[in-house]
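Top line first, the protein sequences correspond to chains A and B. With UniProt numbering, letter number 123 in the first sequence gets 123, and the count goes up by one each step, no holes. With UniProt numbering, letter number 171 in the second sequence gets 171, and the count goes up by one each step, no holes.
It is worth saying that the hints were derived from the structure and are not from the lab. No experiment lies behind these values; they were computed from the predicted model shown. Virtual Cβ for every residue (Gly too), placed ideally from N, Cα, C. Be a bit skeptical, because a hint or two may be false.
[Unchecked claim] The calculated DSSO-like cross-link candidates involving lysine-lysine, where the alpha carbons are at most 27 angstroms apart (straight line), are:
1) A:K186 with A:K118
2) B:K71 with B:K60
3) B:K214 with B:K193
4) A:K186 with B:K199
5) B:K195 with B:K180
6) B:K62 with A:K186
7) B:K180 with B:K199
8) B:K177 with B:K195
9) B:K177 with A:K186
10) A:K186 with B:K241
11) A:K186 with A:K173
12) B:K177 with B:K149
13) B:K177 with B:K193
14) B:K180 with B:K214
15) B:K241 with B:K149
16) B:K180 with B:K149
17) B:K193 with A:K173
18) B:K236 with B:K149
19) B:K71 with A:K186
20) B:K214 with B:K199
21) A:K173 with B:K199
22) B:K60 with B:K177
23) B:K193 with A:K186
24) A:K173 with B:K149
[Stated by the list, open to error] Not everything, but these chain B residues come out facing chain A in the computed CB check (under 10 angstroms):
25) S64
26) L67
27) L70
28) A216
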Amino acid sequence: MTQSKRNFRTIDLTIGALFVGLMAIGANIAIWMPFLKVSIGSATVPISLQTFFATLAGLLLGKRLGAFSMFVYICVGCVGVPVFAEMTGGIGQLASPTGGFIISFIFVAWAAGYIVEKQQSSSYLTYAIAALAGLMMNYIIGTNFLYIALNTWMELSISYSAAWQSMIPFFIKDFALAFFVASLAKVLVTRVQLSKASYIA
Amino acid sequence: MSNSFIIGQYVPGSSIVHRLDPRTKITIIFFFVIIIFFANNLLSYGVLAFFALLSMFTTKIKISYILKGLKPVWFIVIFTFILHLLVTKDGEVLFSIFSFEVYSGALYKGLEISLRFTLLILMTSLLTLTTTPISITDGVESMLNPLRKIHFPVHELALMMSISLRFIPTLMQETEKISKAQASRGVDFRTGKMKERIKAVVPLLVPLFVSAFKRAEELAMAMEARGYNGGEGRTKFRELKLQRVDAFIFIFSALILVVFFFTRV
Chain A
1 MTQSKRNFRT IDLTIGALFV GLMAIGANIA IWMPFLKVSI GSATVPISLQ TFFATLAGLL
61 LGKRLGAFSM FVYICVGCVG VPVFAEMTGG IGQLASPTGG FIISFIFVAW AAGYIVEKQQ
121 SSSYLTYAIA ALAGLMMNYI IGTNFLYIAL NTWMELSISY SAAWQSMIPF FIKDFALAFF
181 VASLAKVLVT RVQLSKASYI A
Chain B
1 MSNSFIIGQY VPGSSIVHRL DPRTKITIIF FFVIIIFFAN NLLSYGVLAF FALLSMFTTK
61 IKISYILKGL KPVWFIVIFT FILHLLVTKD GEVLFSIFSF EVYSGALYKG LEISLRFTLL
121 ILMTSLLTLT TTPISITDGV ESMLNPLRKI HFPVHELALM MSISLRFIPT LMQETEKISK
181 AQASRGVDFR TGKMKERIKA VVPLLVPLFV SAFKRAEELA MAMEARGYNG GEGRTKFREL
241 KLQRVDAFIF IFSALILVVF FFTRV
């Protein structure tokens, strides 16, 4: 009776929720795999697989559920569970200049899901395009947010190009990573589908 | 670690702030975050700082513990402060180091932004320090309820949040287990080029994803077997109720708000 009114099937809800947990792991993967730390100069930057997992959410769950589960991930982080990168949490994270990158995951998942649903194929090329589209979303939203954050509530007048320039080293790293993501995603999707996960979108 | 994860930053206690309804706390913090951008002189900042410090002391949580929670933010605060000294060029020159001049306006602006940001983070972290994630979720669900009219899936959001709160520690333990199991089978995580090391995550992620999907399937089946049929007509185990103390705190906060708008220039 209420079946037709429901937004999501029960399995959609549980899978989306599990993806929130996977995102928390992807954000902090360097804890279990310390070798994923890259040293740039004197500082070591742990690689985070957040963009990768957000892209996967789009690929495996489709654009609607994928984006919604990323929204849930952000909500879980906002209520204080340390699911964001470097085991942080709390709504204050969204107010910090890099908060836009967290918000962008919703759109990363949506874009990746959109491309896969449109292409109807599971080739490496499709995944590469989806991963790159996700990456674009990530940086366009994240960097604009950074620029707006710095210029409004931080009241620093940083030029728009300077905001983008500061992102270049990270972008190069993530651009290279996007191609790995695509090949990883291909392996993962086939394996997960093999394990009788017939309910995948 | 897994246990501390579900609780998040929550510190158990019985202070007034702990006993407040989560909706009261969320509303107050929501307004605080907005009005902090309207503060424009020392006195108005003083009123807000007074309110934040008063709330901080009434929680009866150790100050050192609260400050420790703010640690990731110090970097941003100091970074913005220094950037302000470098970029902003208002007012008169205070002093110069190596032909680099520090302006008075820059110093004030830098201090103002640092104070604003610290207050912002302090207040929001008080919410998560005194409220469990589950009760914040309940509060959010009840506050978002009107959005159901425009078909926003409020019930689904709250349910997914609760499920993931339950499963995050489980998945983390599983990650730990799988990485040890794969290492014992001889998967080399440590050596090789970055490219090879990144490839080594495949034997970790594949079992992790497969098991996560399996868990999700089992859970969905268990829920449907018990008659779960969406949010319609579902009753709740934990019910929220506004107490007298909530009304009192609301009135007190409203008074602070009035005082605040009188102190502005």
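Here's how the hints hold up against the structure:
1. A:K186 with A:K118: Holds, because 17 angstroms separates the two Cα atoms, which is no more than 27 angstroms.
2. B:K71 with B:K60: The hint holds at about 19 angstroms.
3. B:K214 with B:K193: Not OK: K214 (chain B) and K193 (chain B) at ~33 angstroms, beyond 27 angstroms, violated.
4. A:K186 with B:K199: Since the Cα atoms of K186 (chain A) and K199 (chain B) sit roughly 13 angstroms apart, the hinted pair holds (cutoff 27 angstroms).
5. B:K195 with B:K180: The given pair, whose Cα atoms are some 21 angstroms apart, holds under the 27 angstroms limit.
6. B:K62 with A:K186: 49 angstroms, violated
7. B:K180 with B:K199: 17 angstroms, holds
8. B:K177 with B:K195: 24 angstroms, holds
9. B:K177 with A:K186: 24 angstroms, holds
10. A:K186 with B:K241: Cα-Cα ~49 angstroms, so violated.
11. A:K186 with A:K173: 20 angstroms, holds
12. B:K177 with B:K149: It is violated: about 44 angstroms lies between the C-alpha atoms, which goes past 27 angstroms.
13. B:K177 with B:K193: 25 angstroms, holds
14. B:K180 with B:K214: Within the cut-off at roughly 21 angstroms; holds.
15. B:K241 with B:K149: Status holds; Cα separation ~23 angstroms.
16. B:K180 with B:K149: Not OK: K180 (chain B) and K149 (chain B) at ~49 angstroms, beyond 27 angstroms, violated.
17. B:K193 with A:K173: Distance ~15 angstroms between K193 (chain B) and K173 (chain A) Cα, so the pair holds.
18. B:K236 with B:K149: 20 angstroms, holds
19. B:K71 with A:K186: Violated, at about 39 angstroms.
20. B:K214 with B:K199: 24 angstroms, holds
21. A:K173 with B:K199: 15 angstroms, holds
22. B:K60 with B:K177: 38 angstroms, violated
23. B:K193 with A:K186: Within the cut-off at roughly 22 angstroms; holds.
24. A:K173 with B:K149: Not OK: K173 (chain A) and K149 (chain B) at ~44 angstroms, beyond 27 angstroms, violated.
25. S64: With Cβ-Cβ at 18 angstroms, over 10 angstroms, it is violated.
26. L67: Cβ of L67 (chain B) sits 14 angstroms from chain A, so the hint is violated.
27. L70: 9 angstroms, holds
28. A216: 4 angstroms, holds
Comparing the model with each earlier hint shows violations of hints 3, 6, 10, 12, 16, 19, 22, 24, 25 and 26; every other hint is respected.
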